[in-house]
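Following the hints, position chain C against chain F.
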Amino acid sequence: MNSSSAGDRGTAFDPVGGTARLMFYSLLAISLMALDYRGQYVERFRTVASHLVEPIFWAIELPFSSAQRIASSWRDRGETRRRIAELELESAKARARLGRLADLELENAQLRILLETARRTEQEFIAAELASVDLDPFAHRILVRRGRTDDIRPGMPVIDSHGVLGQVDQVLVGMSQVILISDPDHALPVQVLPSGERTIAYGSGSLDRLRLTDLPMNAQVNPGDMVVTSGIGGRFPPGLPVARIGLVQRQPGQAFATAFAAPLSAMDRNRLVLILKTAPQPGYDASAGETSQQSASGPDAAVGQPAEDGVAAEQPEDDSVDGAEPAEDESP
Amino acid sequence: MKRTGTLTPVLTTVAAILLTVIPMPDALAAWRPHWVALVMIYWHLETDNLRSLGAAFAIGIALDVTTGTLLGQHALGLVIINFLVGRFRNRLRFFPPWQQALAVGALLINERVVQLWIIGLLERGWPDWSWWLPPVTGMLLWPWLFLLLDALRSHRRFAR
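Just so you know, the protein sequences line up as chains F and C, in that order.
Using the numbering used here, read the first sequence as starting at 26 and increasing by one per residue.
Using the numbering used here, read the second sequence as starting at 14 and increasing by one per residue.
Don't read these hints as lab results, they were simulated from the structure.
Be aware that one or more of the hints could be misleading.
What the hints assert, rightly or not - With beta-carbon atoms standing in for the labels, derived distance ranges: (1) C:Ala119 x F:Met48: 16 to 26 Å; (2) C:Asp163 x F:Phe89: 44 to 54 Å; (3) C:Ala164 x F:Ala291: 18 to 28 Å; (4) C:Trp157 x F:Lys118: 52 to 62 Å; (5) F:Gln279 x C:Leu129: 29 to 39 Å; (6) F:Ala110 x C:Ala40: 28 to 38 Å; (7) C:Asp39 x F:Arg63: 29 to 39 Å; (8) C:Ala40 x F:Pro277: 43 to 53 Å; (9) F:Arg63 x C:Leu129: 18 to 28 Å.
Predicted model, so just to flag it, every value in this text is computed and none were measured.
Every residue, glycine too, gets a C-beta built ideally from N, C-alpha and C.
Isolated chain F (complex conformation) (with noise of 0.2 Å):
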C-alpha cells in the first residue's frame, strides 16, 4: 500500500514517469473492465477477492441484523397479534387457492401419465433474506445472506413471490450475490403466453424493463401478454412468470420485431426472496452463460406447455422464515 520512494518529499513532481504510470494503470483498469464485462476470463480472481472482502459485508450485516432482532423483540404485543391474525387470514386464503392447485395438480399428473411425458419435478426451495448491504446500483446485482453453507450454487434461479428476480452469481460463505435479469449481460430464455411464443429475454439495464428481441414480424405478441421461463437452457424451470409485454416494435425493413416487458418481481424492493434448488440437468454447464443456451426451439417435451404455476404450489421448508424478521416492510 504505501509508496516506498519516501525521500522523494519535496521533490517537484515528475511529469514524464508520473504520466506514464497513469498511462499504464488506466490501460491495466480498461483492460481489466474489458476482460471482465467480455467473459469469464477474471472470474477466479473476482471469487477469490470476492471471498476476501465477505467480512466487509458481515461488519455491515451484523449490526443491522441484531438491531433488527432487537425491535422485533421489543415489538408490541398488541401488534404482533394483529399482524398474526392478518397472517393467519392470509395463509387460510392462500390454504384455500392451494388446495384447488393440488387437484389441477393431481390431474396434470394423471395427463401427463396418459401423455407419456416428462413428469415435473418438485421444487425445492431456500428462501434468503437479502442482506443490508447497498451494491452499486448500476451493477444490477443484490446481496442475500444464503451461501455456500446453505447449498447455494451458481446459476440457481432466484424469484420472489411474483416472479423471476435473476439468478445466483458469486457464492460466498454466507452470502451470495444475484444477478437481476435486468442486467444487461442476462439472457432468459422465455415464452410468451398465450401465443406460446419463444424468445430470449434480455436485461435493458433499467430495472423496469426487459428487451425481447428475434421475435418473428407475424408473431402474436401482444401488449398484456405474460412472458414466462420457457426452460430451455435448462437452468430455470419451466413456467416461472417473468415479465408482462409492455410495447412491441415492428419497425419495416427489419428482420423481427422488439418487444420490451415489465418485470413482476419487486427487483429492489424485496425483502425475502427464494432461490430454487434446481437439479443440474444433463448437459448442464455452470460456466456457460445463459446465451450460449439458447437452443433451437426443437419438439422439447417439457416445454411447449404452457404455465401452470409451479412455485406458488409449494409449501416452504423448514429455513422460511427466521423468526426475527421483521414485518413491517412486507404489509401492504
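Only chain C this time, still in chain F's reference frame:
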C-alpha cells in the same frame, strides 16, 4: 513532516469502503459521497501514504469487488484522481480550506465523468440528475473530514 504508520490510512480506507456499501435511506442514498476518494485524497495530500498510483489502483479494485461493479471501474477513477492530486499537490496543500474543498469537488466531478463514460459504454442505463449529487456532498464534507482525519493522525502520532 513525519511519516505516519500504515495502520491509520489502511483502517480509514476500510472504513470508507464500509461507508460506501452501508445501507442508507432512499432519500439520502443519492447523496452518498465518494468516501474512498475523499480519504485517499487526504492521505495523499498530507502524508506519504497512499501516494502511488498502484495503491489507488489496489483500493479501486477492492471497491469494485465490494460494490459489485466491473473490475477496474472504480480503480480507473481513483488512479486518475491520485494522478491529479500528485500533479497539483504542492499548490493544493497551501490552499485555504474552502478553496481546497472546491478543488476536491472538481476532482470528484471529474471522477464522476469517467464513471459516466464507463456506464454509458456498458449501456447500463443512463443516470439522471442525481448522478451529480455525490461530488457536491463530497465538497461540503471535505473540510470536516480533513479536520477529523488530521485529529486521528496527530492522535496516533502522539500516542506512540
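C-beta pair Arg63 of chain F, Leu129 of chain C: status relative to the range 18 to 28 Å that was hinted: 21 Å Cβ-Cβ, so the 18 to 28 Å window holds.
Satisfaction of the hinted span 43 to 53 Å by the C-beta atoms belonging to Ala40 of chain C and Pro277 of chain F: Since the Cβ atoms of Ala40 of chain C and Pro277 of chain F sit about 46 Å apart, the hinted range of 43 to 53 Å holds.
Whether the CB-CB distance between Gln279 of chain F and Leu129 of chain C falls inside 29 to 39 Å: Since Gln279 of chain F and Leu129 of chain C have Cβ atoms about 30 Å apart, the given range 29 to 39 Å holds.
Distance restraint evaluation - Asp39 of chain C, Arg63 of chain F, Cβ atoms, bounds 29 to 39 Å: holds, 33 Å
Outcome of range test on Cβ distance (Trp157 of chain C, Lys118 of chain F; 52 to 62 Å): Holds, since Trp157 of chain C and Lys118 of chain F (Cβ atoms, about 54 Å apart) stay within the stated range.
Asp163 of chain C paired with Phe89 of chain F, Cβ distance criterion 44 to 54 Å: violated, 31 Å
Range hint 18 to 28 Å (beta carbons of Ala164 of chain C and Ala291 of chain F) holds or violated: violated, 44 Å
Whether the CB-CB distance between Ala110 of chain F and Ala40 of chain C falls inside 28 to 38 Å: holds, 33 Å
Met48 of chain F and Ala119 of chain C - C-beta distance against the hinted 16 to 26 Å: holds, 22 Å
In summary, the structure is inconsistent with hints 2, 3 from the numbered list given earlier, while agreeing with the others.
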